[in-house]
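Listed below are the residues making up each chain.
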Amino acid sequence: MSKTGQDGHGSRRHSSAEAWLDARLKRAAEGDHDAFADVYDALARPVKGLICRVLRDEAQAEEVTQDVMVEIWRTADRYRPELGTARGWVLTLAHRRAVDRVRYVQASAARERHSALLAEDRPFDEVAETVERHEDHHRVRSCLAALERHQRVPLVLAYYQGMTYLEVAACLATPAGTVKSRMRSGLRLLRRCLEAR
Amino acid sequence: MTADEDPHQLVGAYVLHALPAAEEVSFENHLAGCAACRAEVAELSEVTLRLASAEEADPSPELRRRVLDRIAHTRQERLPRDRPHGLPVRQRALRLALAACLVLAATFGGLAAWQHIQADEARTETTRTQAQASALTDILTARDATISTQKLRDGSEISVVASRAQDRCAFIASDLPRLGDDQVYELWYAAKTGGLRPAGLLPGSGGGQARVLRDSLDDVSAVGITAEPAGGSRQPTSEPLGIVTVPA
Ligand SMILES: [Zn+2]
Chain P
1 MSKTGQDGHG
11 SRRHSSAEAW
21 LDARLKRAAE
31 GDHDAFADVY
41 DALARPVKGL
51 ICRVLRDEAQ
61 AEEVTQDVMV
71 EIWRTADRYR
81 PELGTARGWV
91 LTLAHRRAVD
101 RVRYVQASAA
111 RERHSALLAE
121 DRPFDEVAET
131 VERHEDHHRV
141 RSCLAALERH
151 QRVPLVLAYY
161 QGMTYLEVAA
171 CLATPAGTVK
181 SRMRSGLRLL
191 RRCLEAR
Chain S
198 MTADEDPHQL
208 VGAYVLHALP
218 AAEEVSFENH
228 LAGCAACRAE
238 VAELSEVTLR
248 LASAEEADPS
258 PELRRRVLDR
268 IAHTRQERLP
278 RDRPHGLPVR
288 QRALRLALAA
298 CLVLAATFGG
308 LAAWQHIQAD
318 EARTETTRTQ
328 AQASALTDIL
338 TARDATISTQ
348 KLRDGSEISV
358 VASRAQDRCA
368 FIASDLPRLG
378 DDQVYELWYA
388 AKTGGLRPAG
398 LLPGSGGGQA
408 RVLRDSLDDV
418 SAVGITAEPA
428 GGSRQPTSEP
438 LGIVTVPA
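Residue numbers (the working numbering), protein chains in the order written: chain P, 1 to 197; chain S, 198 to 445.
Simulated from the structure, these hints should not be mistaken for lab results.
All C-beta atoms in this analysis are idealised placements derived from N, C-alpha and C, irrespective of residue type, glycine included.
Don't take each hint at face value.
To be verified - Computed from the model, here is a short list of chain S residues facing chain P with C-beta under 10 Å:
1. E220
2. R272
3. K348
4. L349
5. L414
Said to hold, decoys possible - Listing some non-contacts, in silico: residues in chain P with all C-beta distances to chain S over 10 Å:
6. S15
7. S16
8. W20
9. A23
10. K48
11. L50
12. R53
13. A76
14. A145
15. A146
16. H150
17. G177
Said to hold, decoys possible - Computed footprint of chain S on chain P; a stretch qualifies when at least three of its residues, placed anywhere within it, have a C-beta under 8 Å from a C-beta of chain S:
18. 83-95
19. 188-196
This is chain S alone, in the form it adopts within the complex:
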């Protein structure tokens, strides 16, 4: 998406699942801070649901049997208690990040997808991973990728995966608490010289989140997160919930 394009125009393609992976990510960044687009996504999702509901086909009787048989042996996943334990930090963060890769169809209209964060799927769902060979994957697979993780006071966890070579980083969070309706999470770059500048917004609905952050990582020494009024702020208006140092 170039600067002179109106991001609001992407709403239609978004609810049709017709955005390429990288644009889906950046549109979701926009959605997090744009109530008008969120409302339109909800509206237009009703239309795609009608399109979906208009089709019917009889599944074979064996399908029912196979599915019920499979689920009898399939463990259900629970959020947020389902986080892997005992893995080295790097591996845990990678699992989370890969999981997030699979669900970039995030937020409101695509809420089914957002609600389907699947760590274990990362290995098996090659379909998805290949289709989403996105900016996030690029960062995760960078040879020089570093992962820094911090636990927040409420028990949620934030990580920054950074590649100095690619000059980009991704922010990954698990179990972020839900904010008030008129609030969003805002991410900040802390410059080596001390200044803060906005690095992206996350929806106030919290939960699991993954975002490739905007702009160059050049002078960045850390990434911070605060709660801000909807639409975000130019400078933080509240105490940081967490700050993750990005290795030089």
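Next up, chain P with everything else stripped away, as it sits in the complex:
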């Protein structure tokens, strides 16, 4: 594992480990296989963790992680360090692909089952077993827990379940406009909480 595996030491954006990773991704974009292996070693765990969280299926998560990693290699030329970190670029893509998969694969029945569970506000009790907790996980979790339920649940359903805000609205029997604004205000509150620590 690489130096970027641990989180929670000040601003990620400016840490030297992050800068190192950004540079490795740029190298990988030039066709450097070793540099790509560094990127893989630094980010495969969070990438798989995130995908696993959204898909709740170990085998599918491995498959999508593989696709995402190969896509990163193929398209590394598009990474622009001036617009953000390699970690952000990679995880945004991973989340997008996980959401794509979940929307495509999950029959509505299965999704509604998940929704019903989540509507009971138990989002953290059913994390796939392979997902480990670490320091940052606890911090994010406690900040999420500090939100009002009506703000937390839409965030969780959208981000971790891959639902559109319309699906969230239907699932919670709440007007779509309300859901949209709660997603926004929930994220803002979450940001304040995460920054305060």
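Chain P is fixed; fit chain S with the ligand onto it per the hints.
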């Protein structure tokens, strides 16, 4: 999105990847011209990155081997030198347009997606295409769709895909040059009678862009593009960079 709704409210859903495809397109149109929303997207993207980073799971050792094996045989794509050559114009434009379909998660917060324009993925990524059965796809697959392409002086290329039957068109560009920080690209409808009216904004960051344009195509004879101050203008304030005729 209806007119009485505040588009700024969509920022949260946007960074969560929770907008349906068509709304994502129209929100990105809004983003291109709204610095406040762009700043908020950047801010809130930091939060979703924290959510993302909080999860970890061990990939199997075989996964590492498979990935490294695959990349040893996977050609990397390069922008902008990677454009297909020798294809008929129609096919090239369609490839570009389909590619754009796959990446509507565009711009700043979703910049990973924006940076992932994938022509070849169009065929294989059925997941994505199906999920994005959007207005753009509708236009592209219209029976009467026409594609008009023009090369700009700087070498970039713009195309307009239009369907008179659907009364809509899409604008697709590759390799647009980056503008100054306080500028955006603005698209214009040229009416048959000669007047110009705004048809949408594109971010000044340039590159590959695809937008379904607003309003009816009814009296439109051409689509033009200019560079304008951030927020756009009511009438062009600079010479058109290009004008693409839309077949009647
Ligand atoms: Zn705005």
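Structure-based check of all given hints:
1. E220: holds, 9 Å
2. R272: holds, 7 Å
3. K348: With Cβ-Cβ at 22 Å, over 10 Å, it is violated.
4. L349: violated, 21 Å
5. L414: Status violated, d = 28 Å.
6. S15: holds, 13 Å
7. S16: holds, 17 Å
8. W20: holds, 16 Å
9. A23: At roughly 17 Å from the nearest Cβ of chain S, A23(P) sits farther out than 10 Å, so the non-interface label holds.
10. K48: Violated: least Cβ distance 5 Å, not greater than 10 Å.
11. L50: violated, 5 Å
12. R53: violated, 5 Å
13. A76: The claim is violated: A76(P) sits with its nearest Cβ about 7 Å from chain S, within 10 Å.
14. A145: The claim holds: A145(P) sits with its nearest Cβ about 13 Å from chain S, beyond 10 Å.
15. A146: Answer for A146(P): holds, closest chain S Cβ roughly 14 Å.
16. H150: With a cut-off of 10 Å, H150(P) remains clear of chain S, as the shortest Cβ separation is near 14 Å.
17. G177: Nearest chain S Cβ is 7 Å from G177(P), so the label is violated.
18. 83-95: That given contact holds, which follows from 11 residues of the segment 83-95 of chain P lying within Cβ reach (below 8 Å) of chain S.
19. 188-196: holds (count 4)
When each numbered hint is compared with the structure, violations occur for hints 3, 4, 5, 10, 11, 12, 13, 17.
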